[in-house]
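All chains should be built: construct the whole structure from the sequences, respecting the hints.
6 protein chains.
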Amino acid sequence: MKKIVALGELLLRLSTKDYLKFSQVNEFNADFGGSELNVLTSIAKFGLPVEFITRLPKNDIGESALMEMNKYKVGTGHIPMGGDRLGIYFLEKGASIRGSKIVYDRAHSSFSTIQKGMIDWKEVFKDANWFHWSGITPGVSQEAADVCMEAIEVANEMGLTVSTDFNYRANLWKYGKTPQEIMEPMVAKCHVVLAGDYASKQYFDIDPEGTTEKELLISLCEKLRNRFSSIQKIAITNRGSISASHNTWSAVLHDGTTLHESESYNITHIVDRIGAGDSFMGALIYGLNTYDDATALNFAVAASCLKHTIYGDANLVSKEEVENLMGGDQSGRVQR
Amino acid sequence: MKKIVALGELLLRLSTKDYLKFSQVNEFNADFGGSELNVLTSIAKFGLPVEFITRLPKNDIGESALMEMNKYKVGTGHIPMGGDRLGIYFLEKGASIRGSKIVYDRAHSSFSTIQKGMIDWKEVFKDANWFHWSGITPGVSQEAADVCMEAIEVANEMGLTVSTDFNYRANLWKYGKTPQEIMEPMVAKCHVVLAGDYASKQYFDIDPEGTTEKELLISLCEKLRNRFSSIQKIAITNRGSISASHNTWSAVLHDGTTLHESESYNITHIVDRIGAGDSFMGALIYGLNTYDDATALNFAVAASCLKHTIYGDANLVSKEEVENLMGGDQSGRVQR
Amino acid sequence: MKKIVALGELLLRLSTKDYLKFSQVNEFNADFGGSELNVLTSIAKFGLPVEFITRLPKNDIGESALMEMNKYKVGTGHIPMGGDRLGIYFLEKGASIRGSKIVYDRAHSSFSTIQKGMIDWKEVFKDANWFHWSGITPGVSQEAADVCMEAIEVANEMGLTVSTDFNYRANLWKYGKTPQEIMEPMVAKCHVVLAGDYASKQYFDIDPEGTTEKELLISLCEKLRNRFSSIQKIAITNRGSISASHNTWSAVLHDGTTLHESESYNITHIVDRIGAGDSFMGALIYGLNTYDDATALNFAVAASCLKHTIYGDANLVSKEEVENLMGGDQSGRVQR
Amino acid sequence: MKKIVALGELLLRLSTKDYLKFSQVNEFNADFGGSELNVLTSIAKFGLPVEFITRLPKNDIGESALMEMNKYKVGTGHIPMGGDRLGIYFLEKGASIRGSKIVYDRAHSSFSTIQKGMIDWKEVFKDANWFHWSGITPGVSQEAADVCMEAIEVANEMGLTVSTDFNYRANLWKYGKTPQEIMEPMVAKCHVVLAGDYASKQYFDIDPEGTTEKELLISLCEKLRNRFSSIQKIAITNRGSISASHNTWSAVLHDGTTLHESESYNITHIVDRIGAGDSFMGALIYGLNTYDDATALNFAVAASCLKHTIYGDANLVSKEEVENLMGGDQSGRVQR
Amino acid sequence: MKKIVALGELLLRLSTKDYLKFSQVNEFNADFGGSELNVLTSIAKFGLPVEFITRLPKNDIGESALMEMNKYKVGTGHIPMGGDRLGIYFLEKGASIRGSKIVYDRAHSSFSTIQKGMIDWKEVFKDANWFHWSGITPGVSQEAADVCMEAIEVANEMGLTVSTDFNYRANLWKYGKTPQEIMEPMVAKCHVVLAGDYASKQYFDIDPEGTTEKELLISLCEKLRNRFSSIQKIAITNRGSISASHNTWSAVLHDGTTLHESESYNITHIVDRIGAGDSFMGALIYGLNTYDDATALNFAVAASCLKHTIYGDANLVSKEEVENLMGGDQSGRVQR
Amino acid sequence: MKKIVALGELLLRLSTKDYLKFSQVNEFNADFGGSELNVLTSIAKFGLPVEFITRLPKNDIGESALMEMNKYKVGTGHIPMGGDRLGIYFLEKGASIRGSKIVYDRAHSSFSTIQKGMIDWKEVFKDANWFHWSGITPGVSQEAADVCMEAIEVANEMGLTVSTDFNYRANLWKYGKTPQEIMEPMVAKCHVVLAGDYASKQYFDIDPEGTTEKELLISLCEKLRNRFSSIQKIAITNRGSISASHNTWSAVLHDGTTLHESESYNITHIVDRIGAGDSFMGALIYGLNTYDDATALNFAVAASCLKHTIYGDANLVSKEEVENLMGGDQSGRVQR
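Sequences listed follow chains A, B, C, D, E and F, in order. So the first sequence is numbered by the working numbering: it starts at 2 and just counts up by one. So the second sequence is numbered by the working numbering: it starts at 2 and just counts up by one. So the third sequence is numbered by the working numbering: it starts at 2 and just counts up by one. So the fourth sequence is numbered by the working numbering: it starts at 2 and just counts up by one. So the fifth sequence is numbered by the working numbering: it starts at 2 and just counts up by one. So the sixth sequence is numbered by the working numbering: it starts at 2 and just counts up by one.
Think of the hints as simulated: they come from the structure by calculation, not from any bench.
The list cannot tell twin chains apart, which means a pair is met if one copy fits it or any two copies do.
The list that follows gives simulated cross-link-like pairs (lysine-lysine, BS3-like), each with its CA atoms no further than 27 angstroms apart: (1) Lys72 with Lys127; (2) Lys202 with Lys190; (3) Lys3 with Lys72; (4) Lys178 with Lys59; (5) Lys102 with Lys74; (6) Lys127 with Lys74; (7) Lys4 with Lys74; (8) Lys3 with Lys59; (9) Lys59 with Lys4; (10) Lys102 with Lys320; (11) Lys117 with Lys59; (12) Lys74 with Lys123; (13) Lys3 with Lys74; (14) Lys190 with Lys117; (15) Lys72 with Lys4; (16) Lys320 with Lys59.
Given below as structure tokens:
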């Protein structure tokens, strides 16, 4: 089996327990996460080899992050240790009508100081068939964007499939470049895209046209495809936010000709929705390496649906759990 | 800005974790609360200066209560320390079809032994424009009722607005007086009232008339206003209890001529509904000091709606969080 | 009051907290449970004397189990200590669309090595009027089945009512006998049965006939009654699994002539559904000793409905709480 | 085996975790304790039947206290439920040079309102051979003192051994009587006494004479014996407080002619020293019912030495653990 | 009473529980601390008004820090909110022969970006008589050093006493200036100094001379005084590190003519030694405002000795607790 | 670098928190351990590649054990999954004069059913230079002993160094063979031995001769060497048990001619002494692969000394921490 490789920032997640407000706590749950890492952790759980490229500080906190990746069989053999600090995000878990709140403390992170030339991409991609990145990575710093472009180029040269999740974050992109000038050439070398209308507007000023939901989705896919000829498949997830504890969840996958539509799930009593998009991306990559497109989509939606019941950034469900849900069992019965 | 002052009992709240029954636990969460204090904590979070008058025992538990009030910027500069003990309530948190259960252990509290003359109300009210009390305060003891009447009278003399929350508690009023004989002269000097049909019946034998819900509400307001000419505004909250975890919530405000009706909220996955009425009262007082009546009502309903997602007695949401919900966003989306 | 006696295995339950996956935890909640014990704990909470017969290892874990039974007034005076180990089950608590997962580690347990002659059933049943067992007990080992048959026979001789819960578990019955050959003679001496169509099919190859749900239920009861003439009453519970956090719950009781049907409850925000069937059985036994059949059924359904809100294997609600729910109050209001 | 009976107050103990100060915590460990109950719990762990007489409020907190006594096989069959509240003590656990701090909240407790005639002592003492009380009991209220005297008299009539622990508490004795006038006639009917020089001075104005420690101890015993002819055995414990985490511990037992002296233990890394005196008393009562005087003393000292390593009010060590320490093994080696 | 003012950085402290290694935890205790804040918290606990000047980010973490200061009555009225982030330090608590380990993550903090002119020192010092800073403050950044110098100058102009704790930290001082060039002019305007031989060497290349410990101490004091004529009093603490759990602790105070020497304490079973030096400084400032020099020294040593038993950065003991220890009671007896 | 391989049983460790007795807890800490695994985890932390051979059940508990080994970089690539269950040990942590207590529940484990031929030892040892086992492994079952012998033989053939830790456990060896008949031929093919006089007596009836401690040690080493000519180095640790919280610790290493003696450490405030012997063995293997004999011994003693401060079965200290202690710094100072 060939490896899936991703590049991105790993963050320390400090979250309040039991829906407490920041001012009520004197302890934080401490976990590690980050969009691209979450994607890989999902894939590793499903059984494919994966490797993560990031930069971590050379201290005990960086070491702990390495150990956590070891635990979930995420390869860490090419991470250049160094820099000042691990980025952090503080999470106040919401419930019901009160949404979760994130306070970022990721400025000046080790990852933001990664440099071109630090990674021997030829070596990294030797046994790999896929490279994944998200819009967060180039949003962190010029250096991170440069390394990401460097990876995309080597990946294309070596014939890997390149995927991206648009993942637009308004509070990034602070280093003097617009998202559009950075993203345009990068997306132009990608084959699989997890898009979204808001991000497509922010990055590329694309406005889908149509009156029905479906027409709008198809229009968005076509406009992206017209802009970026490299793109082969476009996925779009659809979250209906009824409350912080109750969402609906579905997705589509456009393969150039057909718009595959997934089942729509009703998810109440949500445990943790952070990382749901990443779990979709991870399961989609796994699926596209394993199934036909329609099945890959359904696998990805079912997997990410289950993510809403898993604490933490990463989806820790097994392939069997996902397939059971795909098979139609949403009953939540006790498995003995 | 002028201060909001309140008089009432502060209780130590000992609650079970994770919906456990009393017989299952060997630890309690320990927090401080009490109807009038909860009102002030809300107001302080919104940014107005507040001061709480109560009586606390001169020991480490009383000191801890003071520190907790400091934390939330509730003024404690005029609290006469002394007496035997801090009142306690034990809370077994319910869920679903099982309601929460409260065991009171508040007899013989320090607050029940507060005495007329202990508080220099003229001094306390110097920079204040509002005095609040609830029906719990005079229900505790003759002494507490006397001090409350003393405060109401000075407040009226000094031109403060006086508000009350009827808050009828059947397990109080054990010192030989009927609620009616005590409450009648006190409510007669109040300007803003948080009423309710059950409490109005218990205290004043008032039966609203009408066939529709709205007619009954208007009737109740008119009867109260006829009985107590001082009253300028009457608010009434309306809780629909579908289960311990699912309620509906709305309120009305009658200003003498108009019955303002709030939006009605559907609140599932309730975190903690204790103190929701107090959070309404606090936000209403804040609102009446800040907005027009209709907005004040909507602010109060939205604030108290959010209280159902906050652990503890007091509402710790910010003005921005309330205004966001008032603006219509009930989606509970993650705020980054 | 006469005692209710039961025979069965007591297990150590090791469960993850807060819906975490097994791989995420470094601590387990530790509780004791087991189908027949859960039945007795319920009954003891309602006020009848009970006694449990099992086998426990002679070590500190076995001692702790004894103490837990003491706590809930479950008699332990005739338990033959010995054998290798306490059976264990690991529980990964699910939520929403992800069901709970149980990993059994009960092989080679002390209970599986109980022997005929270890229990002086005449002595045990001296002050008793009821003996209860479930299909789990004979499924554990030939020895456990033999002791169960021994108890059933003495109970019949001494005029006790004998009840059973079919409780079919596919992962038991590994000692070389089919469930049918073992269960047939045992059920043939029972008077009250908690049945179910799946278990009836597995144990006795019974297929109910009919088109409506009610016809099927009556058919099942009649077929069981035709097969086992000793049976006087048959109860069947009906769980609708909408998700791991949302179920519907009702039951019927057939007394030979009439099919009593209970109210149906809608239970959202489930806290812990393990042991709900046992809590039904316990409340039914209590009810049949206390009320008429229809009331007993309603009591049992209301009690087991409340079990879904109680952490742990056993139902710890009081008779008053059940009667309050039977009386129609599902509002979950705070009880002060 | 005959029962050991004791009369006293049961308190809810709310303690801070991990040596935190009261102002640092938002949760308390919750346990039950009380001098005379602690004595009985020890004895029950060693295997003798025991019964506790107290008064508990008729609420869920009182019920939980009953269940805890059930757990440790402390008989509760004659407890008159009623009164306002369970007494509480708050415990701030100290370490090193900072001692633990106790804040009492026991005024107006249910036990303080126990009344003569509530207990049928003849019935209680039917199968008993020993009655124990401590100086705390009559210090609580006139009513408690009356009931204690009532019990002592019936115990003497019925030929039980009566033991007392002087246990002087300066913050009790607030009901208008001096300790001396109350204690004098009560101690005059006791046979076994756990005394101490400070308490003997406070209660009876006794000043031991002598120059060596041993002379002083013998003098104290003789003066007590001269004052109270009923006394057969006097025990005195000796704690050397090097710090909150490091004590020395020994005791003597005077049987009228001989002063038995125990081994002296050096106890560092103390886990919880609350209740050590009670554990001594419990083990002494057990020892005097089981061994000769010298062995009883050594058993009691070893048992109470181990108590310093047990969290909570009560000593939960087994007879085997005590005998192992008596045998000289203080090594704390791992027992596999 | 006049205020004590301090300037410094406030850090979020994230510590492992129960002596766990960083790699073993998935939660951190979260507290706030910082050398100069710790000094003020101590003083506030003893009863003097205090005010802290720092810079905090304008987010929920900064707000929580403000609330914590409110709780302990540390004034926060002049803190300019802004900047990127709150500095963090990770603490792995050691025990026995393994020392605690700190990982700093304080680069790019809000405090490091404080600017001259942000603080109206005339206003801040209006009701103050004392200004305190430590060597950490100018070590953070040029900007912090500038603001500190600004404060020292205004304080001198307005006649305040200025104190400093040398507090040399090798991992600071990274902005291109040597500690010596920065510290020299600042210490030259100080009146009370907490010095140390290592810091004196690092900052000012001072080598004390002499053969006995006392000669060396006196030499150090004289050399400092010769170098900085403003200095009136020099304190030096002396820690003997036997293990992470066992230290000795004493101090001296040189007033220009006399070297006062404190009692030496033996502290085993240390709970938390972080902040002990700060607690000494705080108690010394309180003492010098309250007692004579010798008593101030003894108060400071006793207070900081107790700090070793208090979890967290700040010393939360009361004046009574300190005076009790000063009075010679190191027994750690239970205070009832 | 060549791999270190070990064969042994992996156990789930369920331990009580905070020195609580088994009967006091309703939760257990859950960790994984086992003598030979602990050895490897230590070595992996120091930086050498390691691989563990065991058998684990094919369920979520077995999977979690695999993940934990991944985390610490213990290779798991050749583990044959299967069998009934993971062995468990329950640990009641003692303190002071009360030792820790272990209750084993390891009968019928997956490891006890490992079979000859399941492991391709040639493949496993391909990149290895060392094989380690302990006396626990053959004590578990005949099958485990057979597999261990199989490994020893292949290791000898392939020129690996073979080490063993005698590790005598009285509660194993229940399958009908004496320890001596099994151990004799196995030890006869070992090169490095961690011995002990008690185990040497139990296994081989060896009685050392001499009067001084040193003579006895040399005698034991010589007798072992005379019996087993393959042995090149013998290590013996020496624990002085002053209490459960205070031990002394040292060791010797005999290389055939010289008896190297280590420094002796005084360890108070022990956090967790389980696995100290294993940590010695691990550090010794690392040391013998890295240093000369005398340094290896000192490294091993210092490392295992630090183990007493680390929670859990395995030693998680780094090489730097060990070398710092070897260098003489036992002060436990804070490392910033």
